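Given next are the chains, with one letter for each unit.
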Amino acid sequence: SFYSPRGPHFTGCRSREQETFRCWWSAGIFQNLTEPGTLRVFYQTKNALSEWQECPDYTHTVKNECYFNKTFTHIWTSYCIQLRSVRENITYDETCFTVENIVHPDPPIGLNWTLLNVSHSGLHFDILVRWAPPPSADVQMGWMSLMYQVQYRVRNASHWEMLDLESGTQQSIYGLHTDKEYEVRVRCKMSAFNNFGEFSDSILVHVAQIPSKESTFPTTLVLIFGVIGLVILLVLLIFSQQQRLMVIFLPPIPAPKIKGIDPELLKNGKLDQLNSLLSSQDMYKPDFYHEDPWVEFIQLDLDDPAEKNESSDTQHLLGLSRSGSSHVLHFKSDDDSGRASCYDPEIPNPEDLAALLPGHSGRGDNHPLVSRSSSSIPDLGVQQTSEVEETPIQTQPAVPSWVNMDFYAQVSDFTPAGGVVLSPGQLNSSPEKKKEEENEKKIPFQLVSDGAYTSENTARQLSADVPPSPGPEQGYQTFPTQAVEGNLWNGEYLVSTSDSQIPYLLPEAPPVPILPPVSGYTVVQEVDAQHSLLLNPPSSQPAICPHSPNKHLPAMPTMPMGYLTPDLLGNLTP
Amino acid sequence: MYLIKNRVNVLQAWLWCVSLWPCWLSHAVPLDCKDETGSLAQCASISQEKLLDRVIQHAELIYRVSEESCTLFEDMFVPYPLHALRSQGGNLCHTKPFPIPGSKSEIQQISDKWLLHSVLMLVQSWMEPLIYLQTTLNRYDDAPDALLNKTKWVSDKLLSLEQGVVVLIRKMLDEGILTSSSIFEHTLTPYNEQSPEVLESVLRNYNLLICFKKDAHKMETFLKLLKCRQSNKLSCVSY
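As they're listed, the protein sequences go chains L and D.
Under the UniProt record's numbering, read the first sequence as residues 1 to 574, first letter to last.
Under the UniProt record's numbering, read the second sequence as residues 1 to 239, first letter to last.
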């Protein structure tokens, strides 16, 4: 081993160029062995000779050095050397090695640098460092392949910067500062080994900083102030034009509207204007429900006209003999063309009605069933032959304004011929008109509007009130007995009223289930904000929720028409 | 009819044979169109100088990789006190048929022919041991992939180097040599029965790697000397 704390030992062996090598030793603490010649070195090469030979050359100028010249230096062979004291025949130290493993090349020579470039700011620069391999190393022949390592530092600094190993003889150094002085040095080693040689002498690198004429300071200041000014300007602009900017960037969402309809119009309840508007919309025609197909479909088709005369239920009920009676209660024929409309119920001819009643002739006002209302309704009894104004019986005018008409009408009866007898629906015009119409309802020969079912007892009552005439028995119509049959009689009772009262119906009879004056159908007045249908809002509220939260909902006025089509409803919903 | 048919067959066979003659040529012609890398590139002739450069590059790379492999193996498997073996240069590297001088002066006196033949012999002598080394390393449990890759790479490169040297021999020495790696008998007997990772196996492989590194250095040195001589004879001659 190379190290031994006491006694003589080898201190090291080195080769500079792989052609020769030297070994040194030390006597250690043994002072008596310091004399030259007491310690001797013997070596042995492992390949061919196995004898120990003494050191070929003890260097005279250097103490304790053994020099092996070219002749004795063999690479690729193992050497073992021993340090012996011949006198005592003691081997103090022994070590083995190969020459390649102890090669420490000489430092490279000719180190110099050239300036590559200087940065724009003038603060940094790059240099190219060059050198030459040590002259002792025979690289040309390929005897030694060298790798170089460059190091640099700021002058007199403690830490050296190391660059990567370089196989060539030049290297670039980047990023040096101009105002600093640098030291650069280089060393080399054999490529496949790790024994570095000595460093070369350091060279000084220094590039003076070029003072730039133009100062960058004002430029920076100008830039900063400019940016600040711009920012302030922008802020002012934004604050001054805040509203407009809000409109530009955040436009308001348009409210839903029906084209052409002013929501204010609806609130005021100007029906005519609205009607005109809506009519122009092409979806709400006045004659709409004239052509309502379902009304026509109610028509019953009785093929046999003879049945009309023979098997009419009505006639059965009325007890009329079909053959003899000429006073067949002809209701309107089943010809519905043009007359099967809501507001044109089949009201029997007053004459026919009059003929129905037994002993009606000449009875005049005394007939209990015939009363004379205060209104200017012609008395049937009196004016049998007079021209009967049928129309006043009608609650609805001959040319009714569709505004006042019910869209729905209830079917009260079927004619023997299969026609439909309609009862007028609820009239939803002004309350005054309502009362009037109610009065008119009480006119005899007018069918009961509500179509309430009149019970048998009631019917009996009715019939009982008919004073038995001494007339022929057959004059009596036992229509009460037929009263139970179906709903045909619902609307057919001739109610005698006086002063808007129905005396016969009310007492002693099981109460007629008086329905509220609402027909089977109800008119939808409005669709409120919660999408619920408001039926018949109280008239005390003229305007429909003027302050409703949803102002955009166009409040429909009291529409007398019966229903809202789905598209209308769609228009209402926001 | 049969005669005509036979003639047609013969003609066809002849045509086939003729069309396949390049294959014959490539087999029969010894390494004329291949450079040392072994690729069947265009038979563009490469100058001797360039070929020598390439061969030297190969040798340098092999030498470097052998050093790295040795270091890897040493770090992984060899206990620290035995690292000194490396500096001792390896013992009992498998014997070569004839000794190689170790001093520079002696080497400088070696003839070109001898240099090339020595290189070829070295290359050929290491092919089989490297394969053996590969198999043993594969049997190790924790052999690093880098080591395995390097040994594999070296084996491949040795083949190329062999081919290149053969071409050089032919060109420089005008000698024809058939590539064969089984000319020389190898004294290394693989111990396949022994379990891997035993110290003995480890030391054997370590020794193998050290020896290989040394021989790779020899190859490189010889080739570089050869190149030096080719370019400038004066500076390469020792005085």
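Incorrect hints may have been included.
Claimed, not checked - The calculated lysine to aspartate or glutamate pairs, modelled on EDC-like cross-linking and capped at a C-alpha distance of 20 angstroms, are: (1) Lys214/D - Glu49/D; (2) Lys46/L - Glu68/D; (3) Lys189/L - Glu68/D; (4) Lys189/L - Glu106/D; (5) Lys214/D - Glu161/L; (6) Lys70/L - Glu106/D.
Read the hints as simulated data drawn from the structure, not as lab findings.
Quantities reported herein were computed from a predicted structural model and do not represent experimental measurements.
Verification of the hints:
Using a Cα cut-off of 20 angstroms, the hinted pair Lys214/D and Glu49/D is violated, with the two alpha carbons roughly 26 angstroms apart. Straight-line distance between C-alpha atoms of Lys46/L and Glu68/D comes to about 25 angstroms, which puts the hinted pair past the 20 angstroms bound. Distance restraint check for Lys189/L and Glu68/D: the Cα-Cα separation of roughly 16 angstroms lies within the 20 angstroms cut-off, and the hinted pair is therefore satisfied. With a C-alpha separation of about 24 angstroms, the suggested pair Lys189/L and Glu106/D falls outside the 20 angstroms cut-off, and the hint is violated.
The hinted pair formed by Lys214/D and Glu161/L fails the criterion: a straight-line CA distance of about 33 angstroms is larger than 20 angstroms. As the CA atoms of Lys70/L and Glu106/D are separated by approximately 10 angstroms, the hinted pair is consistent with the 20 angstroms bound.
Comparing the model with each earlier hint shows violations of hints 1, 2, 4, 5; every other hint is respected.
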